[in-house]
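Novice: Based on the provided sequences and hints, a complete structural model is requested.
Chain by chain, the residues:
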Amino acid sequence: MKLKDKVVLVTGASRGIGAAMVKVLVSEGAKVVLSARSEAVEKLAVELRAAGHQAEAVQGDLTDDAHVRSLVQTCRSKFGGLHALINNAGILHPGKLGMMRIAEARQMFEVNVLAAINLTQYAIRIFPRGEGGAVVNITSIAGTQGIDGISAYSASKAALIGFTKAAAKELAAQHIRVNAIAPGFIDTDMARQISPEWFARRVESVRIGRIGQPEEVARCAAFLVSPEAAYITGQVIGVDGGMAV
Amino acid sequence: MTDEKLKHCFVEALGVSASEVTDALAYNEIKQWDSVGHMALVAALEAEFNLMLDTDEIIEMSSVAKAKEILGRHGVTFA
Chain W
1 MKLKDKVVLV
11 TGASRGIGAA
21 MVKVLVSEGA
31 KVVLSARSEA
41 VEKLAVELRA
51 AGHQAEAVQG
61 DLTDDAHVRS
71 LVQTCRSKFG
81 GLHALINNAG
91 ILHPGKLGMM
101 RIAEARQMFE
111 VNVLAAINLT
121 QYAIRIFPRG
131 EGGAVVNITS
141 IAGTQGIDGI
151 SAYSASKAAL
161 IGFTKAAAKE
171 LAAQHIRVNA
181 IAPGFIDTDM
191 ARQISPEWFA
201 RRVESVRIGR
211 IGQPEEVARC
221 AAFLVSPEAA
231 YITGQVIGVD
241 GGMAV
Chain D
1 MTDEKLKHCF
11 VEALGVSASE
21 VTDALAYNEI
31 KQWDSVGHMA
41 LVAALEAEFN
51 LMLDTDEIIE
61 MSSVAKAKEI
71 LGRHGVTFA
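Which chain is which? The protein sequence lines are W and D, in order.
FYI, the numbering for the first sequence is 1 to 245, going by the numbering used here.
FYI, the numbering for the second sequence is 1 to 79, going by the numbering used here.
Source of the hints: derived by calculation from the structure; they are not laboratory data.
Quick reminder that beta carbons are idealized off the backbone N, C-alpha and C, glycines included.
Please note that the accuracy of each hint is not assured.
What the hints assert, rightly or not - Straight-line distance between alpha carbons at most 27 Å, and here's what the computed DSSO-like set of lysine-lysine pairs gives:
1. D:Lys66 <-> D:Lys31
2. D:Lys31 <-> W:Lys165
3. D:Lys5 <-> W:Lys78
4. D:Lys68 <-> D:Lys7
5. D:Lys66 <-> D:Lys5
6. W:Lys2 <-> W:Lys169
7. W:Lys169 <-> D:Lys31
8. D:Lys68 <-> D:Lys31
9. W:Lys4 <-> W:Lys78
What the hints assert, rightly or not - Distance ranges between label pairs, derived from CB positions:
10. W:Ile102 <-> D:Glu4: 50 to 56 Å
11. W:Lys169 <-> D:Thr77: 55 to 61 Å
12. W:Arg219 <-> D:Val36: 31 to 37 Å
13. D:Ala18 <-> W:Tyr231: 33 to 39 Å
14. W:Gly242 <-> D:Ser63: 51 to 57 Å
15. D:Gly72 <-> W:Pro94: 47 to 53 Å
16. W:Arg201 <-> D:Ile59: 45 to 51 Å
17. W:Pro94 <-> D:Asn50: 43 to 49 Å
18. W:Gly29 <-> D:Thr2: 57 to 63 Å
19. D:Ile59 <-> W:Pro94: 34 to 40 Å
20. W:Thr63 <-> D:Glu4: 52 to 58 Å
21. W:Phe109 <-> D:Ile59: 20 to 26 Å
Specialist: Rendered as structure tokens:
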């Protein structure tokens with residue numbers, strides 16, 4: 001178990017890629033602290049504890065500083081600190097240029113970028129002194145390639161990549177690694193909401209010829225926070241079946 | 001006692017000698033108290049005094065005297 005007794009904080013943990021990450025992390029021996037707005041996050045933590053894992057949930061909004069502080073306090077009080085942070089929470093409001101509500105664009109930047117920056121600032125303070133830790137930011141193929149119809153979302157995810165690279169440089173001296181994952185077309189509720197025609201077109205654009213599974217992104221995240229990735233920092237790993245090639 | 005605890009945090013986090021930790025000691029005045037040292041110091045203070053500092057307080061904490069003032073807001077008293 002490559003993450004035995006490591007404490008990992010995961011945001012957006014109640015469903016989709018976040019929930020898959022949590023399941024992979026605990027299977028590797030990690031203790032997890034989960035954040036999400038939905039009540040489902042509490043239920044997931046209960047299920048994990050019933051299965052013998054160590055998990056704590058804190059329900060709340062990452063744009064609320066009180067929730068961020070509560071997460072860090074939970075890591076400290078329940079597990080004595082933190083070894084890794086996965087900034088997975090994100091929101092998407094589609095909107096073509098000329099038809100985009102700027103309030104929705106602003107909200108995407110608040111959640112997808114600023115909340116991740118703020119939580120990272122708090123989290124790195126409780127990484128073990130001298131040992132460092134790992135931060136993984138979940139960006140998107142939209143951030144690396146740009147996707148039409150979701151330009152503001154693409155911009156927010158590109159901003160998260162910029163933060164990843166700068167933070168990797170800034171925190172390397174403290175042995176803190178910062179990487180990003182750019183998932184492509186992944187089988188989540190969000191992907192299933194699009195029309196069958198769009199769904200088929202998206203699958204066609206995947207060179208491997210199928211939609212990706214949340215567990216495939218989760219495995220990459222578990223690798224990046226593990227000691228196996230000790231020499232990897234400042235990178236954006238595409239988990240996209242070759243979409244971005 | 002709290003003075004000693006505070007001094008211990010500076011010594012541990014910045015690797016300075018106890019005699020160097022005076023109220024006048026300021027951020028960026030010695031090479032050990034740079035941004036990296038500052039983060040280690042914040043972590044040490046938070047762990048020692050069991051509190052959590054705001055980002056604004058961390059930015060504001062520019063000297064030992066200022067650190068005492070900020071910790072005072074969290075109920076920590078100094079002689």
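Novice: Evaluate each hint against the coordinates.
Specialist: Here is what the structure says about each hint:
no.: 1; hint: D:Lys66 <-> D:Lys31; verdict: holds, 19 Å
no.: 2; hint: D:Lys31 <-> W:Lys165; verdict: holds, 25 Å
no.: 3; hint: D:Lys5 <-> W:Lys78; verdict: holds, 24 Å
no.: 4; hint: D:Lys68 <-> D:Lys7; verdict: holds, 11 Å
no.: 5; hint: D:Lys66 <-> D:Lys5; verdict: holds, 16 Å
no.: 6; hint: W:Lys2 <-> W:Lys169; verdict: holds, 25 Å
no.: 7; hint: W:Lys169 <-> D:Lys31; verdict: holds, 19 Å
no.: 8; hint: D:Lys68 <-> D:Lys31; verdict: holds, 21 Å
no.: 9; hint: W:Lys4 <-> W:Lys78; verdict: holds, 16 Å
no.: 10; hint: W:Ile102 <-> D:Glu4: 50 to 56 Å; verdict: holds, 54 Å
no.: 11; hint: W:Lys169 <-> D:Thr77: 55 to 61 Å; verdict: violated, 40 Å
no.: 12; hint: W:Arg219 <-> D:Val36: 31 to 37 Å; verdict: holds, 32 Å
no.: 13; hint: D:Ala18 <-> W:Tyr231: 33 to 39 Å; verdict: holds, 38 Å
no.: 14; hint: W:Gly242 <-> D:Ser63: 51 to 57 Å; verdict: holds, 55 Å
no.: 15; hint: D:Gly72 <-> W:Pro94: 47 to 53 Å; verdict: holds, 50 Å
no.: 16; hint: W:Arg201 <-> D:Ile59: 45 to 51 Å; verdict: holds, 48 Å
no.: 17; hint: W:Pro94 <-> D:Asn50: 43 to 49 Å; verdict: holds, 45 Å
no.: 18; hint: W:Gly29 <-> D:Thr2: 57 to 63 Å; verdict: violated, 39 Å
no.: 19; hint: D:Ile59 <-> W:Pro94: 34 to 40 Å; verdict: holds, 37 Å
no.: 20; hint: W:Thr63 <-> D:Glu4: 52 to 58 Å; verdict: violated, 40 Å
no.: 21; hint: W:Phe109 <-> D:Ile59: 20 to 26 Å; verdict: holds, 22 Å
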